[in-house]
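Visitor: Residues per chain, in single letters:
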Amino acid sequence: MNRRRHNALRDYTAEAGLFASRAMICMGLVATVFLVLLGNLYHLQVTGFQEFQTRSNSNRITVLPVPPNRGLIYDRNGEILAENIAVYSIEIIPEEVDDLDDTLTRLVELLDLDESVISQFTTQMRRARRFPQIPFTDNLSEEQVARFALHQHHFPGVSVEARLQRHYPYDDLFTHVIGYVGRINRQDIQRLQANDSYNLYAATRTIGKLGVERYYESVLHGKPGFQTVEVNSRGRVVRTLEFTPPVPGQDIYLEVDVQVQKIARHQLQGRRGAIVVMDSENGGLLAMYSNPSYDANQFVRGISSTAYQALLQNSNNPLINRATQGRYPPASTIKPHMALLGLEDGLVDLDTSIWDPGYYELPGVERRFRNWRSWGHGWVDLRKALQVSNNTYFYKLAHEAGIDRIHDFMLSMGFGERTGVDIHEENQALLPSRGWKQANLNEPWYTGETLSVGIGQSFWTVTPLQLATATNILVTEGRRFQPRLLRATRDGEQMTYQEPFELPPLNIRDPIFFSAIMEGMERAVSRADGTAHAAFVDAPYRAAGKTGTAQVISRAEAEQEPELVLVDGEQVPVEVDERLRDNATYIGYAPADDPQITLAIAIENVGGGGRNAAPVARRILDFYFDYQKSVEQAELRDEEERLKEQREEQSDDAN
Amino acid sequence: MMQTSQERGSLTLFYRFHIDLPLFLALACLSVISLAVIYSAGGQDIALVQRQSVRIGIAFTVLIVLAQISPLTYKRLAIPMFVVGVALLLAVLFFGVVGKGAQRWLDIGITRIQPSEIMKIATPMMLAWYCSQQQLPVRWTQAFGGLLLIAVPTLLIAKQPDLGTALLVFSSGVFVLFLAGMSWRLISAALVALAAFLPVAWFFLMHNYQRQRVLTFLHPESDPLGSGYHIIQSKIAIGSGGFEGKGWLQGTQSQLEFLPERHTDFIFSVFSEEFGLMGVCVLLILYGFIVYRGLAIAIRAQQVFSKLLAGSITLTVFIYALVNIGMVSGLLPVVGVPLPLISYGGTSMVTIMAGFGILMAIATHRRLVLRD
Chain A
0 MNRRRHNALR DYTAEAGLFA SRAMICMGLV ATVFLVLLGN LYHLQVTGFQ EFQTRSNSNR
60 ITVLPVPPNR GLIYDRNGEI LAENIAVYSI EIIPEEVDDL DDTLTRLVEL LDLDESVISQ
120 FTTQMRRARR FPQIPFTDNL SEEQVARFAL HQHHFPGVSV EARLQRHYPY DDLFTHVIGY
180 VGRINRQDIQ RLQANDSYNL YAATRTIGKL GVERYYESVL HGKPGFQTVE VNSRGRVVRT
240 LEFTPPVPGQ DIYLEVDVQV QKIARHQLQG RRGAIVVMDS ENGGLLAMYS NPSYDANQFV
300 RGISSTAYQA LLQNSNNPLI NRATQGRYPP ASTIKPHMAL LGLEDGLVDL DTSIWDPGYY
360 ELPGVERRFR NWRSWGHGWV DLRKALQVSN NTYFYKLAHE AGIDRIHDFM LSMGFGERTG
420 VDIHEENQAL LPSRGWKQAN LNEPWYTGET LSVGIGQSFW TVTPLQLATA TNILVTEGRR
480 FQPRLLRATR DGEQMTYQEP FELPPLNIRD PIFFSAIMEG MERAVSRADG TAHAAFVDAP
540 YRAAGKTGTA QVISRAEAEQ EPELVLVDGE QVPVEVDERL RDNATYIGYA PADDPQITLA
600 IAIENVGGGG RNAAPVARRI LDFYFDYQKS VEQAELRDEE ERLKEQREEQ SDDAN
Chain B
0 MMQTSQERGS LTLFYRFHID LPLFLALACL SVISLAVIYS AGGQDIALVQ RQSVRIGIAF
60 TVLIVLAQIS PLTYKRLAIP MFVVGVALLL AVLFFGVVGK GAQRWLDIGI TRIQPSEIMK
120 IATPMMLAWY CSQQQLPVRW TQAFGGLLLI AVPTLLIAKQ PDLGTALLVF SSGVFVLFLA
180 GMSWRLISAA LVALAAFLPV AWFFLMHNYQ RQRVLTFLHP ESDPLGSGYH IIQSKIAIGS
240 GGFEGKGWLQ GTQSQLEFLP ERHTDFIFSV FSEEFGLMGV CVLLILYGFI VYRGLAIAIR
300 AQQVFSKLLA GSITLTVFIY ALVNIGMVSG LLPVVGVPLP LISYGGTSMV TIMAGFGILM
360 AIATHRRLVL RD
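Those sequence lines, one after another, are chains A and B. Using numbering that gives the first Met the number 0, the first residue of the first sequence is number 0, and each one after it goes up by one. Using numbering that gives the first Met the number 0, the first residue of the second sequence is number 0, and each one after it goes up by one.
I should point out that these hints are in silico values taken from the structure, not numbers from a laboratory.
What follows is a set of in silico ranges between Cβ atoms, one per label pair, in the way DEER data are often shown: (1) A:62 with B:248: 21 to 29 Å; (2) A:49 with B:194: 32 to 40 Å; (3) B:90 with A:97: 32 to 40 Å; (4) A:20 with B:45: 46 to 54 Å.
Going by beta-carbon spacing under 10 Å, a handful of chain A positions derived as facing chain B: (5) 14; (6) 20; (7) 23; (8) 37; (9) 41; (10) 45; (11) 237.
A few chain A residues that don't get close to chain B, going by computed Cβ distances all over 10 Å: (12) 203; (13) 247; (14) 644.
All C-beta atoms in this analysis are idealised placements derived from N, C-alpha and C, irrespective of residue type, glycine included.
Please model the complete structure; the sequences and the hints are all you need to start from.
Guide: Printed below as a string of structure tokens:
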């Protein structure tokens, strides 16, 4: 009732008017607010359009570098020595993984992997990183890839990637020559930055670490390409907008010949040593093998620390390239070079003989410097001295030349210096001098030491490559070719052949000196009492060479007088501890009348050079000439066939 | 009131079914836009569009059904609904189901209900009834009583915590008071009180994440990868849309998932990116038209209760749009309020459509009211 009266009193018109005015005020407010909203949107969409468009694009567009394909490496006949093969790897982006430990454990379980990959992965993760994703394991089998693909949705942030990986089909055969590639580490980055070439490696994961792979890195690597891609908020590539292809690296052809390298390895089986086979005419290395070697492929994949420790601690030092880093006393293989010094300086002449009583005496020194044959070689001239490897002749020569002259001359023959071969792993070995001895041993030079140096002993060490290079100077009558692995580079179809690396020739008064020395070296092979004769009986070609036998220092120190370290010949006591046996060395070339190949051999702890190194040279030369003949025959056959085809074509055309 | 007699004639058929055609068409337009944008924002997932279609269907059914009921019935239901609503809110407080970090749902065996949604309708109804009891304008004492009535559901919802809904419930009540002629002096006093209350809310009532949202709102670029990320990406989406937009399904910010909550709270950014300022204008005109139409209905309504309720319902929809658009374009802090009738999701859409159903009932039951 109250309500009814109340209603009766109500002024409906006033209420309607009040409401309408309030509603209009609201409408006005709404309109104002909408205008403010619109103004703000105008500010964003029209005034700020450029800025926001840029920001939107930088959100979605990323430029990704594309790695170039690394150039391949071939031998001189086009046999592939380093290739790129597709491998599948599991890669992880840790930022996208929720529980990393759990994910890793489950991955190991799923793929039947070794637990050690986890610790390897965590080390990788802690290192300075260049890519968001980190390889977890390489070289998945197809079965593993399939298994992972099936469970991929359980592994966010983990993916299978296919990429090209370096592979060396000959495993350990060329490791010391070609080297290998490995993951780019901090030092590599610093080096690249110093060269201003780091930008070329934006997408590259590996770099040449050793050998040719390292030396010719800039040739092999190429230039990266770029792809402009659209990515979503999680960084996944949605599509490619633009693609600039990478420029692949150039292919490299080496002077080495797989067949010759193989025979070299075969000859060193079970021994420590090195063989260098050189093309006499230009210094190209047909073979350079150091035994023991190791599989280069394990470094590409990332060697485990246990495997690496095993290599490091192996007493046979497989990591050392004995051909360029092994330091061996040259022993009697130095005699031809000493002979050249004697002739050039007029200390000896071509025909004068000296009497060898089996020893050489220094005036005022009581001790006698003995020939290896204690009763002597009688009357000995230069050729004979080389043929029978007479010590007395060279004691006299060395004594008369003096250490200073020996040092200077041998330096010009390339001893005591790196040969400049196109790999970085090279040792200059040691060419002793007065100054060196004073500086390093703080002792004056003794004349007795000069005599030892004259037969390639005392402090003098050489690398097999130095020995081959110096020998080739004799063979080419004074031309000085630097040893060289690179034969040609190929950029697409364009082959560029490498010119020989040649230094100014050795200045020798009379070229006849060379022929006399070469005659002496040939006699060492051809004459019945030549030190290498036994190894070359019935050889179908004319070979020349010089043997050497160096006692290892430890034995010399333990048992022998230092001046008696050289024993050239074959009386090797078999009961001597293996490591204390003599090193066998050999230098040689063939054919003697028109030298094609020059070689140097050093084999550790096997005994005398005549019995142990010369036969190795024989088998290599036999193989080489035989093989050369078959290659030539094959080429002839091909040529004939081509001519025949041409003739047929021509006759077809005529018809 | 603003229509010609010819227009009204053509609308007669719809009026018989208690449908206000212009409003209905505007709502239908928004629904079509909603489906198109959800298709784009959801990564062309047709299942998403199908689910939303079903919800729209349900929402329109609710609208049509509620439009058939006389406003007098709503007036009678005002008190019971409010009481039940508050009771349910209390029940949520004690027995509610926790979801998404907040206690909003009540499990009633068959389904879960969200009592705060009921309060979006029940509060303005209650206030409208309360204010219509006496001659307008509302007096001081009455206004205080009204504010108390508003405070009860608002605080209960804010406690859940659901700041967005609390804000909507609060404003729906305050609009009734304003439309009922609350004096300007009181309004000024209330604003001052609110200003004084803000620091209290900041230090004592707000949760950490809510404070974070406000801080982020003030300096979004200070934390570009954290909570500021959403707003930055949203502004980039809107801004990069430019005048013409990138085209439907062509918005990179949304298609490449740089935008968060693409088909729900940030759907306006998707729309702006793909349709540009032109599309935004169309959308704002639609909303503006709906507000205009709703207020026109309110002015034409003959009962005070109907006027107040219609006005409040209309203005609350406006608040929805304002808060959402203001949020995604960086004018307001991030508050979880969907874009009305566009955002994916059923609950708030049904509530809004229910409101429009009541609005249409008010618009079309006039003769009955006259006879009463």
